[in-house]
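Peer 1: Taking the hints into account, I'd like the entire structure generated from these sequences.
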Amino acid sequence: MARRPKLAVWKFTSCDGCQLSLLDLEDELLEIAEAIKISHFTEATRRSQRGPYDLSLVEGSITTPAEREKILQIRRDSRRLVAIGACATAGGIQALRNFADVREYLSVVYANPDTIAALRDSTPISEHVPVDFELRGCPIDKRQLLEVVSAFLADRRPVVSEHSVCVECKRRGVVCVAVLGQPCMGPITHAGCGALCPAYSRGCYGCFGPAEAPNVSALARRWREDGAAPDDVVRMLRTFNAAAPAFRKESDPRGSD
Amino acid sequence: MVDAAALEALPSLLRARGYRVVGPVERGGAIVLDELASWDDLPRGTTVELGPGAYRLRKRPDEALFGYVVGPQSAKTWLHPPAVLEFRAERSRGRVTVVAEPADPSPVALVGLRPCDLAAIRVHDHVLGDGPVADPRYRSHRGAAFLIVVDCAEPAATCFCASMGTGPSATGGFDLALNELLDEDGHRFVIEAATDAGAEVLGALATRPVPLDDEVRVEAAHERARMAMGRRLDPGRARDVLRNAVESPAWSEVGDACLGCANCTMVCPTCFCTTVEDVTDLTGDHAERWRRWDSCFTFQFSRLSSGPVRTSTAARYRHWLRHKLETWHEQFGESGCVGCGRCITWCPVGIDLTEEVARLESATPESGDVA
Ligand code: SF4
Ligand code: SF4
Ligand code: SF4
Ligand code: SF4
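As they're listed, the protein sequences go chains A and B. Under our numbering, read the first sequence as residues 1 to 257, first letter to last. Under our numbering, read the second sequence as residues 1001 to 1371, first letter to last.
I should point out that these hints are in silico values taken from the structure, not numbers from a laboratory. Some hints here could point you the wrong way.
Okay, the calculated bits of chain A under chain B, using three or more residues with CB under 8 Å as the criterion [stated by the list, open to error]: (1) 20–33; (2) 164–172; (3) 177–185.
In this text the structure is predicted, and so the values were computed from the model without any measurement. Just so it is clear, CB atoms sit at the ideal spot from N, CA and C, and this is done for glycine as well.
Peer 2: Okay, structure coming up:
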């Protein structure tokens, strides 16, 4: 490779878990460092180089006016921009505040709420700038991250399926916990984890957000028929991807019919 | 005829002949097909209670070894596996070399298949075994496999093989067939071989002649099973109904109920669709081509350059049902459904194809013969 492409890893409102997946790729780290030049990644090194960057991985949601400005600059500095994780792709768990009044929270929690600059909603990166790819998950799957980086280096589409977790679950030969009587988010959840929870006999929590064309109301109907209270259904849908439109529509009385 | 105790030798006899032995075992709350280390791994005294979107294990009052029906997997998992590495490619000094992955060489012995499973294998033989799209991998797995079927004495509420002409007793397509008998005369199996390989294994077991009474008992069990089917579907009638129902408004109802999750197609023993995934590594010097099970229920399945063609769930469900029950006849000269009931049991919202056909039939005005 003539010139190593420059990679930058950015953090907005988030827990750092997704960017740490990159460091978690222990077996491939040397290869990664050989193939790409890590130009900005504060979890790994204090050294930071200026843009432009060939690929920016962006973790976290936009929750403050300063972040709203910063993402514009990062987009300008990046040839490709990939949003990684539930925060960056759907607003994250902190988007629970989108269902409440953030000013009211501030007044209860902080002595001087005036010193806090917080936006009303926690929003995904794609609401602020064009995004070249969204990698889902809370946290993301490190194998998928490696695939996305490899794909961008080769200028090809990442092989990341958008179908339900059920497809992965069945390919693995896991016994369906939903049919055994447990509520499971798998049928409406984007694949990527490899059906981790069903493999341990637990219903899927929906970490990867809505699958392509999810029929959320039909699954919620099934849960209610099986005895779930309306609150239970809301709690199922309001976790790491609460503000993803397909989940929000079903869990938000204002959004549902 | 073989006594239950004498059959315990079967897994080791098969292993001695080079087979991986796979059979029904209890795991994760269901009876699945998995490595059968010993005859003791079989789910003794266990049965299942099935319904739309529901599966429960139950204790049996007896010690039967095969007193249940099909689980979520079928022979498909072994003969047409969920993920296959097609080949690797390496690039070195500008030259690309393709390294083909050989087909899995160790043949499988499938113990405890059901008659509907054999019917599904026959369907796959017609799709993947020969004809224009014959799949060498399928042919090699299939050609090497040893199939042991057990006739069904107690169908589940989701079973409808009798009306599809695929069960509940096997008429061929097996190496060995078993009928389990358990009464005051003891625990024993009527055993039959249909191939040379089957006869050779049978010869290694301690057998005795079948008493006439037991032949009668097996016949009676088949007859009882035929009468005990939980569901029915007339394949000829279903084909006509679907031909007339292409534009039926009834599809939108199932479209509203269906999750598009693809479980039905994953568990269906005849669904064979796969997708191809090409990946490269960080250096771009190593590439792999994988083949994985796919489903017409996924949104991207019908993607063309301008996007997916079947954009509504109703359109995807219609495509699936019509293929199973109508257009499969035109393509392969038979029904694509063998009446195993898996898609009913393993649908998380319990959508039942036999009910959908009935609903379409009543919602669609009779239009007589179709040109
Ligand atoms: S356990 Fe959940 S993810 Fe797996 S097939 Fe069932 S519903 Fe789908
Ligand atoms: S369509 Fe359903 S009942 Fe028919 S063979 Fe497939 S899974 Fe079995
Ligand atoms: S459909 Fe027939 S052959 Fe298949 S499990 Fe049920 S009774 Fe047995
Ligand atoms: S029919 Fe059932 S199993 Fe099949 S895609 Fe629809 S909801 Fe899923």
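Peer 1: For each hint, tell me whether it holds in the structure or not.
Peer 2: Outcome of the hint check:
{"no.": "1", "hint": "20–33", "verdict": "holds (count 3)"}
{"no.": "2", "hint": "164–172", "verdict": "holds (count 6)"}
{"no.": "3", "hint": "177–185", "verdict": "holds (count 6)"}
Checked against the numbered hints given earlier, the structure satisfies every one of them.
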